[in-house]
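**Student:** Make a model of the complete structure from these sequences and hints.
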Amino acid sequence: GAVVSQHPSWVICKSGTSVKIECRSLDFQATTMFWYRQFPKQSLMLMATSNEGSKATYEQGVEKDKFLINHASLTLSTLTVTSAHPEDSSFYICSADLVNIQYFGAGTRLSVL
Amino acid sequence: GENVEQHPSTLSVQEGDSAVIKCTYSDSASNYFPWYKQELGKRPQLIIDIRSNVGEKKDQRIAVTLNKTAKHFSLHITETQPEDSAVYFCAAYLNDMRFGAGTRLTVKP
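Going line by line, the protein sequences match chains A and B.
Under this note's numbering, the first residue of the first sequence is numbered 1, with each subsequent residue one higher.
Under this note's numbering, the first residue of the second sequence is numbered 1001, with each subsequent residue one higher.
FYI, nobody ran anything at the bench for these hints, they're computed from the structure.
Virtual Cβ for every residue (Gly too), placed ideally from N, Cα, C.
Worth double-checking, as some hints may not be accurate.
As the list claims (entries may be wrong) - Under 10 Å between C-beta atoms, here's a sample of chain B residues computed to sit facing chain A:
(1) Gln1045
(2) Phe1089
(3) Ala1101
(4) Arg1104
**Tutor:** Here it is, written out as structure tokens:
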């Protein structure tokens, strides 16, 4: 089946630094990928839609200058959390779209000290 | 945009009983409705899905029903087992995927 790889799985960083998370579709091409944020015991909240070769579409309330998304190829989308603060600590998870079916990465747990 | 509501938020059943989780959606144009199972600390896994041109779909102990007129769809798990314990999310897809709030299912042995 379709496989999506997400790295890193866990990252700890100091407040004010930037963190890049990668989402790769390993055996298929994904024109569209999605980035979600999940708080403990809560649902997946869509942050943005990443489109290959064009700008990402951000959900209301998500700062695009804070969460930079780049989808430079059909198999890779990156999310960069810029100038991270403790409130950005969360579980971030990506998915790649293949005929509307979403294949999820394993997620990245970000802890900002 | 699409809004998905899911009930109940928690569900506890005895092993062997059935479990039903219900979701409603707001945009009648949504055309794809998957259900995901998420175990603690793991990625969501697709367990069953249904498209808007179908009313019901079954896969062994799991079934999904869709009522387009009422804009709701349900997950049915029969003969529940302890390993069914997890959080289940419904979702509706139009131009992107919107998730329900999740249901924490506990199956007691």
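**Student:** Now tell me if each hint is right for this structure.
**Tutor:** Going down the list of hints, with the structure as the test:
| no. | hint | in the structure |
| --- | --- | --- |
| 1 | Gln1045 | holds (8 Å) |
| 2 | Phe1089 | holds (6 Å) |
| 3 | Ala1101 | holds (5 Å) |
| 4 | Arg1104 | holds (8 Å) |
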